[in-house]
Amino acid sequence: MKDFVRLFNQLDQTTKTNKKVAVLKSYFDTATDMDKLWTIAILSHRRPKRSVRTALLREWAAAEANLPLWLFEESYHIVGDLAETIALVHPNLESKNDKSLTEWIQFIIDLKPLSDEDQKEKVRWAWNQLDERERFVFNKLLTGGWRVGLSQKLMTRALAQHAEVEENTLTHRLMGDWRAETSDYHDLVEATNVADQLSKPYPFYLAYALEGEPREIGSPEEWLAERKWDGIRGQIIIRDGELFVWSRGEELVTDKFPEFQDLTEALPNGTVLDGEIIPFKNGKPLSFSTMQTRISRKNVSKAILKSAPIVMIAYDILELNGEDLREKPQVERRKLLEQLLQNHPTEKLLISELVDFSNWNDLVKERLKSRENNVEGLMLKRKDSTYKIGRKKGDWWKWKVDPLTIDAVMIYAMRGHGRRANLYTDYTFAVWDDEKLVPFAKAYSGLTDKEINRVDAFVKKNTVDKFGPVRSVKAELVFEIAFEGIAKSSRHKSGVALRFPRIHRWREDKPAAEANTMDDLNKILAEFG
Amino acid sequence: MLSPLLQFTEKGIYCKRANVYIDPWKPVDYAIITHAHADHSRWGNKFYLSHHLSKPIIQHRLGQDISIESMEYGETRTINGVKFSFHPAGHIIGSAQVRVEYKGEVWVASGDYKLEDDGFCAPFEPIKCNVFITECTFGLPVFKWKPQEEVFAAINAWWRQNKADGKATVLTGYSLGKAQRILQGVDPSIGKIYTHGAIEKTNEVIRNMGVKLNDTIYVTPEIQKKEYEGSLIIAPPAALGTSWQKKFPPFEVGIASGWMNMRGPRRRQSVDRGFVLSDHADFESLNMAINATGCEKVIVTHGYTNIFSKWLNENGIDSQVESTEFEGELAEVGQGKGEKESE
Ligand SMILES: [Zn+2]
Ligand SMILES: [Zn+2]
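Read top to bottom, the protein sequences are chains A and B.
Quick note: the first sequence uses our numbering, first residue 1, plus one each step.
Quick note: the second sequence uses our numbering, first residue 1, plus one each step.
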């Protein structure tokens, strides 16, 4: 595993993408096929399932380091990463082992069926074989949730250079439902005729946010406009009589949407559609929170199928009769999509209607109606554009409606995790209800590093009380909180739940007394909830 | 009731009997200073007492016109029956623990300290006492320092590699303390060593005291880009990302700080390399230092105070937390208030 640990350190030590790709390529150049396969799997979030409970790991690590459990837990809280905390507190500093990455992963897979006692013995043995960095990597393999700081895209680029395969082709090959345990490096990466290509989705084309005015992107005749639906971006694949539904996070979510099963009958084989999956009832979209409750459930119950039925609002077609259409211009794909849905009507698929406009001003007005239409804003697509891979500027723009905002007082602060372990970065905000401050939202993004440092200093100097990791602070700082939506909630003290709350800006000009009130928040709820 | 020999007031650590303060954070008449870092030796005191090697640095920072006297390690000054003396703290040049004795009772205010002998400043000496006042900037078991030879071997290897790649190497650390430790710790045969103005001025003060430092070149606008190639440039953290670095050829940046022990802060800095090098004690050293004093009681001042104090109490060492306005190595990772331990 030494070469993999070295790779990890090198990736961790540089912020430059070219260098990352170069070190990964040179790792691939010397690694065995099995190690390469596992590296690809790890870097594309296909680790083996966790085989040991983390509560046990914490206990064992504290014991190994001769620390009381509470001190280990406090350290973990500050470091923000269990694998790292264990690696750091463990006394062994010497590397005594030459197992390969694949062998260590097999070691971890083999832990799964063992009793707690046997697992403990094996894990303790492993910790004692490894130096700090190796132990960290081993723990990461053991516990998961690993952000290596290298996108799948860069990994694919490095692998493409190593294997001398075209990058887009490789991106497609690496998608889908393969697992390192049951795959072969050659079949996955190098072979041109892979047997099981059935489930493979196309990489999604992602839009950039339009920050300025639409006139900056050209003249209106060159563009199509659609509404930006608020659901889950998905790809529906019908091949060989089988259905596959992929989410943008490259997750196979077919089981979450049994409603789509009928599409195997309705659509011809060799069809791939791109669109937004949304809850839809009585001819109208439902709020996104309905979707969230549905997705968070493990099983889709009959009740949910009834209360939150879904449809796909289709806006693109990527494959028809088995032919890849991505190089065809947008308008042509659109025409094929319209024809397909006309010839094969099904109530599970709606087409994303075009918004009529003759000048940009029409769209400015249309965008303002977004919230009442239950959409997030508008999408602008260049008529002659091809379907690209990943987030590319130029042809697709999302033009979201401005967020709702409210001025709130910060009342609690918590230390951040990971990158910001030694700073107070997570805040709770409140609005006035007479003399009282009622907390209504948590947010931990939106400030610059400099501002965070200043807020952190304020928190440390103005702590009123401490409970565990949380500090209550003097009610003094006012922030403008932006959010995408608002809904009634009985689980929150304030009675409302916000969607995507974040810090819009620091209102240093406003004293706490002038922050907004519960009344203001209820008015927004009445209007947009 | 008799007041304790040292107490924590809103101005600093106060000895009522002698009417003096140790490292006060608000102006007082008589300030005994552990070391010349800005969070321990502040503006506005009427009189300062420090170690010989701290005096010129404090004067350089606070002005030649301040009223200041200095003593050698082990020398004693008695004020109203209370005996004060300095003992090496191993933190930076001139850094001292302050031993306070009255009628056989001994307190030690340790300021900042580390146990490892860095080969440059006088190494830490444990002092027997009844009450020990300690920092715990790195008072968590995740902080474990490697011997400095190992760290400098890594720094040298990185510098050599950068040089081979035709790049300059920029390494940051506090102007006072870390900068000189880096300067004396690296292998000067690899290439030229440049310094940022803030560091060069501190170096000049130190050299004028008769202390030998490796050769350095002050970074000035006249120097041609090409001359920096393959060199090491030592800078305070605040210089990063400013126009100061515009004159350099392609370079790699590293930070030397105890915080680099954690992956989070290391990544947060967006630098190429983080080297774990601290002038503060790590967790094990803090425990060793406390045990070596044989004290009955520990007062914890800055760092992970609540956690560390609880740990001591559980281990049968009576401990309490007092809040102060000292800071650890925060400015080395872009926190703190900019001044602090740096210039
Ligand atoms: Zn200091
Ligand atoms: Zn300090």
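Check each hint, because a few of them may be wrong.
[Said to hold, decoys possible] Calculated lysine-lysine pairs in the BS3-like style (CA-CA distance at most 27 Å, straight line):
1. B/K11 x A/K461
2. B/K128 x B/K246
3. A/K460 x B/K128
[As the list claims (entries may be wrong)] Simulated coverage check for chain A against chain B, where a stretch passes if three residues somewhere in it have a Cβ under 8 Å from a Cβ of chain B:
4. 57-68
5. 72-79
6. 82-92
7. 326-340
No wet-lab data here; the hints were simulated from the structure.
All residues carry an ideal CB built from backbone N, CA and C; glycine is no exception.
Going down the list of hints, with the structure as the test:
1. B/K11 x A/K461: Holds, at about 15 Å.
2. B/K128 x B/K246: The hint is violated at about 51 Å.
3. A/K460 x B/K128: With a Cα-Cα distance of about 33 Å, the restraint between A/K460 and B/K128 is violated, given a limit of 27 Å.
4. 57-68: holds (count 3)
5. 72-79: holds (count 5)
6. 82-92: holds (count 4)
7. 326-340: violated (count 0)
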